[in-house]
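Q: Given the coordinates of chain A, work out where chain B with the ligands should sit on it, guided by the hints.
Quick mapping for you: the protein sequence lines, in order, are chains A and B. Be aware that the first sequence starts at 2, since it is given in the numbering used here, and climbs by one per residue. Be aware that the second sequence starts at 2, since it is given in the numbering used here, and climbs by one per residue.
Everything labelled a hint here was simulated from the structure, so no lab data went into it. Please note: incorrect hints may appear among the correct ones.
Covered, in the sense of this in silico footprint (three residues per stretch, anywhere, with C-beta under 8 Å from a C-beta of chain A), are these stretches of chain B [as the list claims (entries may be wrong)]: (1) 180-192; (2) 205-215; (3) 260-267.
Cβ coordinates follow ideal geometry from the N, Cα and C atoms, glycine included.
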Amino acid sequence: MANESVIGVTDPETKSEVKSEVSSEVKSEVSPQASNDVYEPIHSKSPVFYDLYERKAELQHQTHYCPGCGHGVAHKLIAEALQELGLQDKTIFVSPVGCSVFAYYYFDVGNVQVAHGRAPASATAIKRSCPGRIVISYQGDGDLAAIGTAEIVHAANRGEKITVFFVNNAIYGMTGGQMAPTTMVGQKSTTSPWGRRPSNEGFPLHMAELLATLEAPAYIERVALSDNKNIMKARRAIRKALEIQRDGAGFSFVEILSPCPTIWGKDPVEARRWVLDKMIPTFPLNVFRDRRPEIPAGNEPPQRPVADVLGITPKAEARDVSKPKHAHHFKDVKIKIAGFGGQGVLLLGQLLIEMGMREGLEVSWLPSYGPEMRSGSAHCHVCLSKERIGSPLISHPDVLVAMNEYSLRKFAHEVASGGVILYNGASLPADFSAPDVQVVSIPASEIADKLGSTKATNIVMMGALLEETECLAPGTALSVLEDKVKKLNLLEIDRKALTAGRLFIDEQAHIGAVSQPDGFA
Amino acid sequence: MRQLCKGNVAVVKGAILAGCRGYYGYPITPASEIAEAAALYFPQVGGTFIQAESEVAAINMVYGAAAAGVRAMSGSSGPGLSLMQEGMSYLAGAELPCVIVDVMRGGPGLGNIAPEQSDYFAMVKGGGHGNYRNIVLAPASVQEMADFTMLAFDLADKYRNPAVVLTDGFVGQMMEPLDLEDREIQPPEKPWAVKGTPETRANFISSIYLETDELEEHQRRMEAKYMRAQEAEPRCEICHAADAEVLLVGYGIVSRVLLSTVEALRKEGVKAGLFRPITLWPYPSKALVEAAAKVQKVLVVELSNGQMLEDVRLALNGKVPVEFYGRVGGNVPSVQELQEQVLTRMAVAV
Ligand SMILES: Cc1ncc(C[n+]2csc(CCOP(=O)(O)OP(=O)(O)O)c2C)c(N)n1
Ligand code: SF4
Ligand SMILES: [Mg+2]
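Next up, chain A with everything else stripped away, as it sits in the complex (with noise of 0.2 Å):
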């Protein structure tokens, strides 16, 4: 009985798909055959629909949707306009959660169900791999406008050029009419017993005004499946959503307020009177937004073949990087480098790995991150080795460099016996001491900003390190630090520090102010 009256009062046009796709228990009393005679359809199913629903476990020739039910209108409409448009080839429909999460059941082009809420992110990626096609999210209001209302905002900020549709029945149908975000102030839900209470609840969420406010979306309309003039409205929108899309103008959006009779205890008749009567004033009916958004392209990332950006050399065309022939009298050597965040302490580690690599060794560098970092200090460890590195983690280093005191004092006593510690200083606190090593103070900030900049403090270090322990050649460090240091002024002060280190070293070995190590023989 319900349902004959949806048809009483639909349009002739209207009138035979609600009878085909909103059909129901009642409905399907009537024969297929039985209802041809009597009535003499207009418009036939459009082919955007499968002939038969063969995803359905029964009754393949009809919806699950109730009598009466804006979903099956609302399919109807984007059918037509897919069809109308030609797009049924190149279009893919991302079903969310809710009553319409079957809507693959009916829709005869490439379908994707997704997570409840998720499906404009989901949209969003399908369009970016599929750039040319047509991409539709469609989505109840607590999909959208609950647990998905992250995914929709972005979306739409995003400028995705999906079309979204978006059924507002103010309700959860599919899990048996609880609150949705969407459900009146006043209106009873089985979660909002005493009816929705601002107080309690908040106030509906006008989802289409709220996307307005955003820069890049291109058409944003709220319509209603309510009468028949609003709905050939609805059947405009639904066309112009998707020829935005089509044409590749940007983000279209359509707020569909539909029809609940189930769940909102009405008749399909009552149901629809209800959008107009109740609905409406509450979510009016509009046209948000209609533009086709200039979206600046900034700047276009450049287009290079991946071996380039991958920084993968040929073999063929490796530059001749002819391994200097350092004698490493080692097996490994471990060393740990700490100071202040902008000393250089990563930097140094980082060049010191390079020089490895180009010397033919295994090498890893491992740096203290996060917020140690932000305290203000920074530490790293370097392994160099003739062999496969276990533990790139250091426990105890055969060489700390110590870029300031509070990194003296820190780390000094994991030093391993027989190691050394240089030291970033002109000299050693006065009640320091480190027994079974070796310790070297160096001014090394004094001879960087001599030099011309104090930024040069950890290539002096590096010259004494270098100088101090021998496990890796002079020479490697110069063309490292060529190809590294792009700026020929700083190269220059950087070539001075590594020198500066060295000599410093050298001079304090002549005036017997320290002995030379044997930790590396």
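A: Using the frame of chain A, we list chain B with the ligands on its own:
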């Protein structure tokens, strides 16, 4: 030629060589360099990079790209992986291939950003809902970060299932030489993908099986492929195990420390060996049983309170005493510390 590279960056380089053209992620320490490198490289090779609004969105973007037949990935760390679990379950249920990288940090909750191995249960046992598995690979070096990411894409496609590269903050943050071959992999044809073309119009991606029998059948099929993977895919590395009296078992960064420990112990005359699972799922149980056949004791070391330990015990099934040493909170045991652990335990054993 070798280039110096951070572990996290190597992931992205491997992914691009594997033909991955979709990266969808959200920043989190210590995994952010993955997103940063992807942002830099993907657009230059015709790929897509999107910084998603959350890991929830990111994994569902991966779902979308995978449904469209593109090799796609995301990377994150503990909290982000927690948010991805629903999506990973959907991917597994819809039999969509993808690669997810978890650069583990300290937990639970916000924990800290130092390395831990405490997401083992979540990744290896499947942290999302329903009956499914992730294929899980555990790199321990920068080279392996690239190599295993590439392998992960192959396995994901082979089994149409998510594959996880499970590593930790240290492997992600460290720099080592990386040797990449200039050879791009052409991903396999995916006739099932939904691409918005006439040929793919009939295709359909979903994890819904409404009828109980249908869903059971679907799960049986998934089980069957998981069993095939269990036969074909377990991988491990075994060092010095032939004459070992004590077998040290660890993965990822721990395996590196264990290798040094084994070498140090051998210098002291203790016959130690290393068993390092490379696939955490499927777990290389058979190989472990063989490697442990003659040892007196197995010592499992993890940066957790004993998660992989369960798989070692299941594999060895009481045949060999299995002991455990774990550090958590971001502490990584030193070689000396592990040496002592072994020495005291072996002293008791002998
Ligand atoms: C993560 C998750 N939470 C909850 C659900 C249960 N669920 C399924 S549909 C739905 C509400 C759908 O309502 P709406 O989007 O308005 O669609 P309608 O049925 O009204 O068309 C909910 C809560 C789910 N499937 N997944
Ligand atoms: S419950 Fe409501 S939304 Fe769901 S099919 Fe029925 S009428 Fe439509
Ligand atoms: Mg709803």
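Q: All hints, please: hold or fail.
A: Status of each hint after checking the structure:
1. For the segment 180-192 of chain B, the stated coverage by chain A is satisfied: 4 residues place a CB nearer than 8 Å to a CB of that chain, which reaches the threshold of 3.
2. Interface restraint, the segment 205-215 of chain B with chain A: holds (7 residues with C-beta to C-beta distance below 8 Å; minimum three).
3. Remark: the segment 260-267 of chain B is confirmed as covered by chain A, as 4 of its residues place a Cβ nearer than 8 Å to a Cβ of that chain, reaching the required three.
In summary, the structure agrees with every hint in the numbered list given earlier.
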